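In case you want the letters, here they are:
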Amino acid sequence: MKANKLYILLLLIMSASFSNHVFGQWMPEVAKPQTEPILLSGGTVHTGDGLVLENTAVGFDQGKITYLGKEDDLGTKKDTYKIIDISGQHVYPGFILLNSTIGIQEISAVPHSNDVLEEGDFNPNLNTMYAYDAGSTYIPTLRFNGILYVESIRPRGVISGTSSVMELDGWNWQDAVFKKEAAIHLHWPSSLKAIVDKETNTLQMLPNPSYKDVRDKLESLFIASIAYRDTKEKPINLKLEALEGLYLGNKTLIIHATEPKEIIEGISFAQKFGVKNIALEASNAVLKVKSFLKENNIPVILPPTYNLPRSSDLDYDTYYALPNLLMKDGIVVALNHSGSLSNAMNLPFYAGTAAAFGLDKEEALKTITLNPAKILGIDDRVGTITMGKDASLFVSNGDALDVQSNALTMAFIRGKKLTLDGPHQENFKIYSEKYSQKN
Amino acid sequence: MLFSIFMFVKQGYSQETFPKNDVTDTRPQTVAFTNATIIVNPTTTIENGTLLIKDGAIVSVSNTTEIPKGYTQIDLIGKYIYPSFIDMFSTYGQPEVKLPKRENPFIKREQIQSSTKGPYNANEAIKSNYNGTAYFRVNEKRALKLRAQGFGAVASMRPDGIARGTATFVALGNENENSMVLKNKVASHYSFDKGTSTQDYPISPMGSIALLRQTFYDAKWYVSNSSRTFSDLTLEAIENNKDLPQIFEAKDWLTDIQVHKIGQEFNMNFIIKGGGNEYQRLEEIKQLNSSLIIPINFPSDYNVTDPVITDKITLADLKHWELAPSNPSHLEQEGISFALTTYPQENPSHFLENLRKAVAFGLTKKQALSSLTTTPAKLLKVDDLVGTLSKGKLANFIIADGDILENQTLLLENWVKGKPYIIQETINKNFVGAYILNVGSIKTELKIGINKGKYIATISSTDGSEDKADFRMDGDLPILQFVTNNSQYNLKGWQVSEPNKIVFKGTGTLNFKDEIVWSAEKTANDKLKDKKESSSDFDNLGAVFYPFLAFGNTSKITSENILITNVTIWTNEESGILEGTDILLEGGKISKIGKNLSAEGSQIIDGTGKHLTPGIIDEHSHIALNGINEIAPNSSMVRMDDVVDSEDPGIYRALAGGVVAAQLLHGSSDPIGGQSALIKLKWGESPEGLIIKDADPFIKFALGENPKRSKSGPSIRFPRSLMGMEQFYTDAFTEALAYQKKRDTYNQLSKKQKAKAVMPRKNLVHEAMLEVIEEKRFISSHSYQQKEMLMLMDVADRFGFTINTFTHALEGYRIADKMLEHGVGGSTFSDRWNFKWETRNAIPYNATIMNTVGVTTAINSDSGETIRHLNHEASKAIKYGNTSQEDALKMITLNPAKLLHLDDTMGSIKVGKSADVVLWSGPPLSVYSKVEKTIIEGAIYFDIEKDKTLRTTMQNERARILSKMDGLENGANPTKISKEKPEFDCEYIQMGN
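Heads up: the protein sequence lines correspond to chains A and B, in order.
Each number in the working numbering corresponds to the 1-based position in the first sequence with 333 added.
Each number in the working numbering corresponds to the 1-based position in the second sequence with 5 added.
Take the hints with a grain of salt, since some may be wrong.
[To be verified] In silico DSS-like pairs for lysine-lysine, Cα to Cα no more than 25 Å straight-line:
{"no.": "1", "chain 1": "B", "residue 1": "K767", "chain 2": "B", "residue 2": "K756"}
{"no.": "2", "chain 1": "B", "residue 1": "K383", "chain 2": "B", "residue 2": "K188"}
{"no.": "3", "chain 1": "A", "residue 1": "K661", "chain 2": "B", "residue 2": "K935"}
{"no.": "4", "chain 1": "A", "residue 1": "K749", "chain 2": "A", "residue 2": "K397"}
{"no.": "5", "chain 1": "B", "residue 1": "K247", "chain 2": "B", "residue 2": "K225"}
{"no.": "6", "chain 1": "A", "residue 1": "K694", "chain 2": "B", "residue 2": "K615"}
{"no.": "7", "chain 1": "B", "residue 1": "K841", "chain 2": "A", "residue 2": "K594"}
{"no.": "8", "chain 1": "B", "residue 1": "K398", "chain 2": "B", "residue 2": "K190"}
{"no.": "9", "chain 1": "B", "residue 1": "K747", "chain 2": "B", "residue 2": "K767"}
{"no.": "10", "chain 1": "B", "residue 1": "K106", "chain 2": "A", "residue 2": "K526"}
{"no.": "11", "chain 1": "B", "residue 1": "K841", "chain 2": "B", "residue 2": "K792"}
{"no.": "12", "chain 1": "A", "residue 1": "K621", "chain 2": "B", "residue 2": "K986"}
{"no.": "13", "chain 1": "B", "residue 1": "K953", "chain 2": "A", "residue 2": "K661"}
{"no.": "14", "chain 1": "A", "residue 1": "K526", "chain 2": "B", "residue 2": "K986"}
{"no.": "15", "chain 1": "A", "residue 1": "K526", "chain 2": "A", "residue 2": "K621"}
{"no.": "16", "chain 1": "B", "residue 1": "K103", "chain 2": "A", "residue 2": "K531"}
{"no.": "17", "chain 1": "A", "residue 1": "K403", "chain 2": "A", "residue 2": "K749"}
{"no.": "18", "chain 1": "B", "residue 1": "K225", "chain 2": "B", "residue 2": "K761"}
{"no.": "19", "chain 1": "B", "residue 1": "K953", "chain 2": "A", "residue 2": "K621"}
{"no.": "20", "chain 1": "B", "residue 1": "K986", "chain 2": "A", "residue 2": "K531"}
{"no.": "21", "chain 1": "A", "residue 1": "K762", "chain 2": "B", "residue 2": "K823"}
{"no.": "22", "chain 1": "B", "residue 1": "K448", "chain 2": "B", "residue 2": "K518"}
{"no.": "23", "chain 1": "A", "residue 1": "K594", "chain 2": "A", "residue 2": "K567"}
{"no.": "24", "chain 1": "A", "residue 1": "K365", "chain 2": "A", "residue 2": "K397"}
{"no.": "25", "chain 1": "B", "residue 1": "K146", "chain 2": "A", "residue 2": "K531"}
{"no.": "26", "chain 1": "B", "residue 1": "K984", "chain 2": "A", "residue 2": "K531"}
{"no.": "27", "chain 1": "A", "residue 1": "K531", "chain 2": "B", "residue 2": "K106"}
{"no.": "28", "chain 1": "B", "residue 1": "K951", "chain 2": "B", "residue 2": "K594"}
{"no.": "29", "chain 1": "A", "residue 1": "K526", "chain 2": "B", "residue 2": "K984"}
{"no.": "30", "chain 1": "B", "residue 1": "K935", "chain 2": "A", "residue 2": "K694"}
{"no.": "31", "chain 1": "A", "residue 1": "K750", "chain 2": "A", "residue 2": "K403"}
{"no.": "32", "chain 1": "B", "residue 1": "K747", "chain 2": "B", "residue 2": "K757"}
{"no.": "33", "chain 1": "B", "residue 1": "K969", "chain 2": "A", "residue 2": "K621"}
{"no.": "34", "chain 1": "B", "residue 1": "K59", "chain 2": "B", "residue 2": "K74"}
{"no.": "35", "chain 1": "B", "residue 1": "K398", "chain 2": "A", "residue 2": "K767"}
Don't read these hints as lab results, they were simulated from the structure.
Nothing here was measured: the structure is a model prediction, and the numbers come from that model.
Please put together the full structure from these sequences, using the hints given.
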């Protein structure tokens, strides 16, 4: 019985394609450019902007989506495509992982595998792209679950740096960079600090003495950047130059804030200086400022639905239900990953869980496709399955937001077919073989 | 003035041994207090009584009017005399305890041995040799504050250490220590807090308990061993002081219960210093049958002006704010004996105020007084000295201008050993009333009142409003000043002595220049409107929640008979998945499974479209605990059972994810960790009610970076390598066997032989190790790498037992065949990896491979977050490696039940098994399915519909309590919010202070 089971398992594994690398800290084979037009035929297409198109073909050529519709409506053009039958399967736009240190940090508990330390707290000029390791061991595991893009950030400081959007494929960072300068991350300081009051076992909230200081420094930096922008002849200032994109609109300012006061003050600050694209990374405090966010049209990056409500008063489903509570009011929401990097691959299931708690499934899909693309200013190219956009998409045997059915059969970035298996799959194969031989 | 005769006199009777430097000047100290209302004891009051005192002691208390000759008479008409209060849990006069700064134990250089010099205990936190009398120093500053609250004597101890030594009983006067110490060694003190000890062990509450238990065993052993060749003055002190009252400082009702448990083991009847929240579990506290010492430092009002910050005050804290003042009255109603204490307040300026509040909240005056006089006197066995006003006792009493438990009553004098201390200059209550005031050319109304021991006054202005005025007495002279109609009046004068009238006259200035005369005559006894007093809301208090948290219930949840119809049942048995089936839960068990079942009187739940699975069991959890890691390399003597926390919101959240039971493991700080607690998630039960009765005992072992302190440069703790670990385990088991031999040899001796032989020392560590060898206790070992798992199996093989479970076992897939051969199970993460160096080889196929090979495989959480969606985690075994749906479900139900030896009653749906089941809205392994009901032993502990109702209830309850707080009045209070319990994982260590 047992041997039988193993045998079936083995067959299953062998039928999947494997690269022939020696496993260990290796990088799976990098994808080759698309050489011929491909038509994925007969699948259910989840476009990422809310639509589910059954039995619909997706065609792409030279990295761009060239067709979305019924296969039969393609007529003779059909012959120009290499047709891949994916009946019964689902097509999704590649998922986008926001606000992540993938490629920057490796094993967080091993300090020298992390590239995050830097002097100073105001570093808009640091660009993460340069530190991004295209060989990070996380990359194959993310792709395996449908994540094809990552916004790579540096986590520290008040202004930690300028993030880059990376494709999760490529020989090196130069190959992998998708948008060099995507967002500047501003960690808005806390206006209060908590001191433990031992006698009553409560926290006493006192004004944070450095709040004003940090605000003043931000104020003076932004004032200077406006002056810098408006001055013609000037000595180069790298920090001020890095902020210019905020006013031009090609960089998003992502404000990280925790409390309603900080959220409003942070956003108002950015607005005062005419920052064009502002997004907020915050937690359940957003519910208290929902109308402010709505009026100001601020997209919100929320914590994973797999997040433990800290206060004993919070509902058990606080974070499960949070995306829905904002999205039903028309606020653009993207989901984030926090905590151990190794769990970032579960991003799709955060969205699935949000769907279990009130969100429509296709709306849930937006939180990891179209909405993060909007926040990062890359929705002209990715985030949905739309004619003319990059062919960065994948095919799954089942519903990709549900754990048990998220099973990719193929994935493409700009039409390039990715290697989906990585060291984990290789290990699985080797050990399955070992035990089946033994029996 | 009368008191001055006492002011400069040394009280001769206690000073005979001191050299004199003058002629003998012993003066008579005889005073008669007459016409007073004398509260002799809480049940006896003498009206118009006379109290005679002589040389610091009471001569008589009676209603006689005859005063013996030679007594100075003090007329106390209208005044009350009480025995002064006793605080039996005070730190008064003891050296200050400065707590050391503690470093993160994972990265510091360890202090393994005690740093105390001398022949004392091996553990620095055991300070039983400390004698509070020897270190006692009169501290007038603090004595003054205590006297102002009515205290005359306290039992004073130094709050330092787990065994704190003895307290001294002292009077609160300002004379030298020789005369203030009333009794040496009135009590032995204990706590869970190691205080100033810088030694690492113990660092956790369960470690403190283990240390104390071992210490008590050691003390017995030490004194029984007459031929011992070493000295330990600390152990000797424990034994010498064992007949004293034994007082144990707990922090709350949870720790009250822990204290009691220790007491039972050693036949010690601890007097428990509680935390003031005993009202939350009266039933359990009553069962302790212990005397308590209760603080009344009730929480002050919250500042509720900022709605965002107000939101961060938890319902639990709000409810405690409301209910804390009812704690004493609830204890009284349950017939629990208790004393009251000012502890932990350094400056107990609100003690009387809070005492009166407790009375307003239903505490009887009789009990209020006895808990401060007769009860502490009796508990401390000093009732021959203090506690009542009777002949021969110390002249320790207080004089008040009324009933001391009434709000406006002023405490005037506090007499300590016959010496008076003025608390409050007398306020003449007859001055209270309305006066006609003639001043200069105006005639108006003056009102005088009293608030908090001071006069307050108002002047009616011409427009009918009332202006504030300042009235006070400068000795016998009244002073009055006010501003009215833009004119400033400053008046001073005298009281005209007219019988039955109160008249003031005098002179003063108008606008600081014009000389004017004034007079005021009292016309009515009108009371000036007092400041709003906290009214007795005793009858309108909210109900206690079980647990005392949001989403608690007003009564404990009970088992019901439930019929679930037409549901898809995942049995985990041969029968597999049964569609459209009925199931009957009766008497906490699964009684019937079939079609068309009916059961009268059962709650019927329509299961159409829904799925029913066995309840989820988490093999590795740290929720519902108040401590995780002890720090001794071999911590097998600590028991997680001791620190189960029923008041953890994590329980409810796990229930909402379908979890019914969990193994609460010690952390991974040590090669050998503590003993597990196996609980069912019975939300609302006490810790005792959560623990699974008769479950097999388990113990945590830990391999890898954490116990080896791999990240710690400065660590000096053996073992630091895997080779060292192997020797560490071998040594632990070898020692245990040697211990067993010694113990058995002794036990086989005849009574006579035993008398001559040395009784072997009972060693809790060796006993736990022996249980492991004898397979009476089972190991769940934290492990990642295959090499370390192989090593531990090798050790186990050599000692002839089987490792029960490798928990985490991330490289289990590499040695699954060897695990199968040894018979060990694997309890793993679904997909966590690479979070530290030793986990870099983990793969999400681990569960699938181990399961396929035949290893009993479970998926665990080790996280208060992940425990909420273990069904998602299980389905990763489907995603990674195509495990079947049923096998995946078993990894979080039947398989952990097997690993925890609970599978005879749990883990599958089978007639006769415990009714521990979960009703899901859809297929249980889908992220789109929600838990609708989590049922344990037939009781519905989570119900998604009820959850919605509870949310509304909680909001209403919050609003109700918040509206009791005067937002504007408390706007100036410090902004306080609730302190949340941190999320515990394997590596959590209390940092202490």
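How the hints compare with the structure:
Taking the CA atoms of K767 of chain B and K756 of chain B, the gap is near 18 Å; set against the 25 Å cutoff, the hint holds. Distance check on the hinted pair: K383 of chain B and K188 of chain B sit about 14 Å apart at the alpha-carbon level, within 25 Å; holds. For the proposed pair K661 of chain A and K935 of chain B, the alpha carbon gap of about 20 Å is at most 25 Å, so the pair holds. This hinted pair checks out: K749 of chain A and K397 of chain A have alpha carbons roughly 10 Å apart, not beyond 25 Å.
Straight-line distance between C-alpha atoms of K247 of chain B and K225 of chain B comes to about 11 Å, which keeps the hinted pair within the 25 Å bound. Restraint check: the Cα-Cα separation between K694 of chain A and K615 of chain B comes to about 20 Å, which is no more than 25 Å; the hinted pair holds. For the given pair, K841 of chain B sits about 37 Å from K594 of chain A by alpha-carbon distance, which is inconsistent with the 25 Å threshold. For the suggested pair K398 of chain B and K190 of chain B, the alpha carbons sit about 19 Å apart, so the restraint of at most 25 Å is met.
Between the alpha carbons of K747 of chain B and K767 of chain B the distance comes to roughly 11 Å, so the proposed pair stays at or under 25 Å and holds. Of the pairs offered as hints, the one joining K106 of chain B and K526 of chain A holds, with about 21 Å between alpha carbons and a cut-off of 25 Å not exceeded. Our distance criterion of 25 Å between C-alpha atoms is met by K841 of chain B and K792 of chain B, whose separation comes to about 16 Å. Our distance criterion of 25 Å between C-alpha atoms is met by K621 of chain A and K986 of chain B, whose separation comes to about 24 Å.
With a C-alpha separation of about 20 Å, the suggested pairing of K953 of chain B with K661 of chain A holds against the 25 Å cut-off. Simply put, K526 of chain A and K986 of chain B have alpha-carbon atoms about 18 Å apart, close enough for the 25 Å limit, and the pair holds. This hinted pair checks out: K526 of chain A and K621 of chain A have alpha carbons roughly 20 Å apart, not beyond 25 Å. Only pairs whose Cα atoms come within 25 Å are accepted, and K103 of chain B paired with K531 of chain A is accepted, the gap being roughly 15 Å.
Pair hint K403 of chain A plus K749 of chain A holds up; C-alpha atoms about 23 Å apart against a cutoff of 25 Å. Pair hint K225 of chain B plus K761 of chain B holds up; C-alpha atoms about 16 Å apart against a cutoff of 25 Å. With a C-alpha separation of about 20 Å, the suggested pair K953 of chain B and K621 of chain A falls inside the 25 Å cut-off, and the hint holds. Between K986 of chain B and K531 of chain A the CA atoms are separated by roughly 14 Å; this keeps the pair inside 25 Å, and the hint holds.
Straight-line distance between C-alpha atoms of K762 of chain A and K823 of chain B comes to about 19 Å, which keeps the hinted pair within the 25 Å bound. About 20 Å separates the Cα atoms of K448 of chain B and K518 of chain B, which keeps this hinted pair within 25 Å; it holds. Restraint check: the Cα-Cα separation between K594 of chain A and K567 of chain A comes to about 37 Å, which exceeds 25 Å; the hinted pair is violated. Restraint check: the Cα-Cα separation between K365 of chain A and K397 of chain A comes to about 15 Å, which is no more than 25 Å; the hinted pair holds.
This hinted pair checks out: K146 of chain B and K531 of chain A have alpha carbons roughly 23 Å apart, not beyond 25 Å. About 10 Å separates the Cα atoms of K984 of chain B and K531 of chain A, which keeps this hinted pair within 25 Å; it holds. With a C-alpha separation of about 15 Å, the suggested pairing of K531 of chain A with K106 of chain B holds against the 25 Å cut-off. For the given pair, K951 of chain B sits about 23 Å from K594 of chain B by alpha-carbon distance, which is consistent with the 25 Å threshold.
Proposed proximity of K526 of chain A and K984 of chain B is supported: the alpha carbons are some 13 Å apart, at most 25 Å. At roughly 15 Å between alpha-carbon atoms, K935 of chain B and K694 of chain A fall within 25 Å of each other, so this suggested pair holds. The hinted pair formed by K750 of chain A and K403 of chain A meets the criterion: a straight-line CA distance of about 23 Å does not exceed 25 Å. Between K747 of chain B and K757 of chain B the CA atoms are separated by roughly 18 Å; this keeps the pair inside 25 Å, and the hint holds.
Distance restraint check for K969 of chain B and K621 of chain A: the Cα-Cα separation of roughly 24 Å lies within the 25 Å cut-off, and the hinted pair is therefore satisfied. A hinted pair counts as satisfied when its Cα atoms are at most 25 Å apart, and K59 of chain B with K74 of chain B qualifies at roughly 12 Å. Proposed proximity of K398 of chain B and K767 of chain A is contradicted: the alpha carbons are some 88 Å apart, above 25 Å.
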